[in-house]
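Trainee: As a plain string of letters, each chain reads:
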Amino acid sequence: MPLTGDDRRRLYYYMRLSRAVEDAAWALAGQGRLVGRLYTGHGQEAIPVGTASALGPDDVIAPMYRDMGAHLVRGIAPVEVFAQYFGKRASSNAGKDSGLHMGDMARGIVGMISVLPDSLPVAVGVALAFKLRREPRVAMTWFGEGATSTGAFHEAVNLAAVLRVPAVLVCENNQWALSTPTTREFAAKSIALRTAAYGLPAVEVDGNDVEAVHAAAQEAVARARDGGGPTLLECLTMRMRGHSIIDPAAYVPAAQKAEWAERDPLAGQRRRLEEAGLWDEAREAALDAELRAAVEAAVLEAAAMPDPEPADAHLGVLAV
Amino acid sequence: MQTLTYLDAIREALREEMAADPRVFLLGEDIGAYGGVYKATEGLVAEFGPDRVIDTPIAENAIIGAATGAALAGMRPVAEIQFADFLACGFDPLVNMTSTIHYRWGQSVPLVVRAPAGATWASAGPFHSQSPEAWFAQIPGLKVVVPATPADAKGLLKAAIRDPNPVIVLEQKYLYRRLSGEVPEGDHVVEIGKAAVARPGRDASIVAWGAMAHKALEAAGALAAEGIEAEVVDLRTIVPWDRDAVLASVARTGRLLVAYEAHRTAGFGAEVAATVAEEGFADLDAPIARLAGLDTPIPAHPVLEAEYLPDEHKIAAAVRALVAY
Chain A
1 MPLTGDDRRR LYYYMRLSRA VEDAAWALAG QGRLVGRLYT GHGQEAIPVG
51 TASALGPDDV IAPMYRDMGA HLVRGIAPVE VFAQYFGKRA SSNAGKDSGL
101 HMGDMARGIV GMISVLPDSL PVAVGVALAF KLRREPRVAM TWFGEGATST
151 GAFHEAVNLA AVLRVPAVLV CENNQWALST PTTREFAAKS IALRTAAYGL
201 PAVEVDGNDV EAVHAAAQEA VARARDGGGP TLLECLTMRM RGHSIIDPAA
251 YVPAAQKAEW AERDPLAGQR RRLEEAGLWD EAREAALDAE LRAAVEAAVL
301 EAAAMPDPEP ADAHLGVLAV
Chain B
321 MQTLTYLDAI REALREEMAA DPRVFLLGED IGAYGGVYKA TEGLVAEFGP
371 DRVIDTPIAE NAIIGAATGA ALAGMRPVAE IQFADFLACG FDPLVNMTST
421 IHYRWGQSVP LVVRAPAGAT WASAGPFHSQ SPEAWFAQIP GLKVVVPATP
471 ADAKGLLKAA IRDPNPVIVL EQKYLYRRLS GEVPEGDHVV EIGKAAVARP
521 GRDASIVAWG AMAHKALEAA GALAAEGIEA EVVDLRTIVP WDRDAVLASV
571 ARTGRLLVAY EAHRTAGFGA EVAATVAEEG FADLDAPIAR LAGLDTPIPA
621 HPVLEAEYLP DEHKIAAAVR ALVAY
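So the sequence lines, in the order shown, correspond to chains A and B. This note's numbering puts the first residue of the first sequence at 1, with every later residue one more than the last. This note's numbering puts the first residue of the second sequence at 321, with every later residue one more than the last.
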């Protein structure tokens, strides 16, 4: 399905919103105001935004901490994100966990854990439930190239292929698993190549081109929904900040970082919109102002919310 | 009332719950046409079809992870792990993902993991004999049950399937075919978290679970001939365990032996002993005793396996020592 002008602007909007929220979170983390450590998807926004926007409202996502955009596309409001980052009592994790570990099955979001590849088998299981009930729904999950070295990844991909479940597995190859480059992670030419051996379509995509990511995701989602089974998308990108806020990433060669800075996904989409006559300075200025106001308001609102009470630590271990 | 083996009671629970609730499905290795290595699921794929009894690759991490995902998406999965020893291969999702979900974001995870546990007294060796209940007792968010009778095997499994939390059912492979007993037909559910006094007595309490409860009963029978009346408390549930029943028993008898076949150090019996020392000290007429497996891997040769395992003779000797204190 070709994108309309509104669709294309919408992709840009969510990437901008994602970066605005994460930039604000970065500043707040620097002031010591967040609970837990901050990880962002700076430079990778095209992947969660492009893929999550290919889903329907009944589909389920299992995102990771670089996927602010997936949460926002699914309707998580910035104030919910900041409440979560502040560990507020009314946030998704109510202060019991931190970062982007928010979950809400009512809105189709499986909360991640810090063992990132563990979302893969879980997403496969969500997709299995859809298949068993013959519902035209899809599960999508995201993970880094580092996760593909774990057994959980291989078990999950193999199980997804064998059971032919409606899942879309999105690898964000940002080239650095903390300090380890891909050359020390796998000897194969690509993750897609390795994955294809399991007997499912595995597609390499320019992860900094939001429209290319979106098109690949649409195809994978349609295949899954139509009973064609799972697809892996390997989206090549670059982690433009440290692994977390405390990692200066001095191990990343300056030339590599400079090269990828030229390929910023937000700037690329803006350029494309301008070339198509869909965007101009006035719209950009209006968006800047809108995002600044929205994020400021969200931070203030979240900051004013109550913190957890000590007694909360005891509650909620088991469902009753 | 019907008489079933422990194994048939498990199959009956699965069949009844699958018939009653379309959300219930099974997944695991070799559980379909093969019927599982112990045949617990024999005939179920013919009755319910391959969508309700799913053979999986050998991938315990993915079996437990996928079962968790299916539970999140509204199903009631029952995962079979072929041997409890292999739970180690699926330990990470249970410990880090499944068990923490409700605490972290309030979502119920109605998942059952069944696994044959315990030694066989038949040389199953280090990798097919373990009793890993204490691994999971350390993990908040998981329930753990160890049924000792056919009626409890059915009733606790049915309760586990209906529970809104992840429940690990450590079936006793020693009892699968060796033990028959009366099992109520139809909707027989045993509440999770309640111990049973398997034999009343006044001189000492033996707290045990699973196959060891039967060794304790054999010991109590032998002791009765000597004039020692031992009370056997079958714990039935490890998490959440029935402290009140154990403390009440110790209040009656004044002496406690905890018998378990897992390794002695940091086994679940240590938790029982510590709790009674803290909360039942005034009732004790003798130091609490523990009788457990050795702190070694579980050896294969019958001579070595027998040395490893507590049995009715060792239990009786331990109770005699308690009573003589």
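Among the hints, a few may not be true.
What the hints assert, rightly or not - Stretch by stretch, here's where chain A covers chain B in the computed footprint (C-beta under 8 Å, at least three residues):
hint : stretch
1    : 349 to 361
2    : 388 to 398
Unchecked claim - Among chain A residues calculated to face chain B with C-beta under 8 Å, some are:
hint : residue
3    : 6
4    : 7
5    : 8
6    : 87
7    : 90
8    : 93
9    : 95
10   : 123
11   : 130
12   : 158
13   : 201
14   : 204
15   : 317
What the hints assert, rightly or not - Covered stretches of chain B (in silico footprint by chain A; criterion: 3 or more residues with CB under 8 Å from a CB of chain A, positions within the stretch not fixed):
hint : stretch
16   : 406 to 417
17   : 433 to 442
None of these hints come from the bench; they were simulated from the model. The beta carbon of each residue, even a glycine, is placed where N, CA and C say it ideally should be.
Trainee: Enumerate the violated hints, using their earlier numbering and listing them in ascending order.
Mentor: Per hint list: 1, 3, 4, 5, 6, 7, 9, 13, 14, 17 violated.
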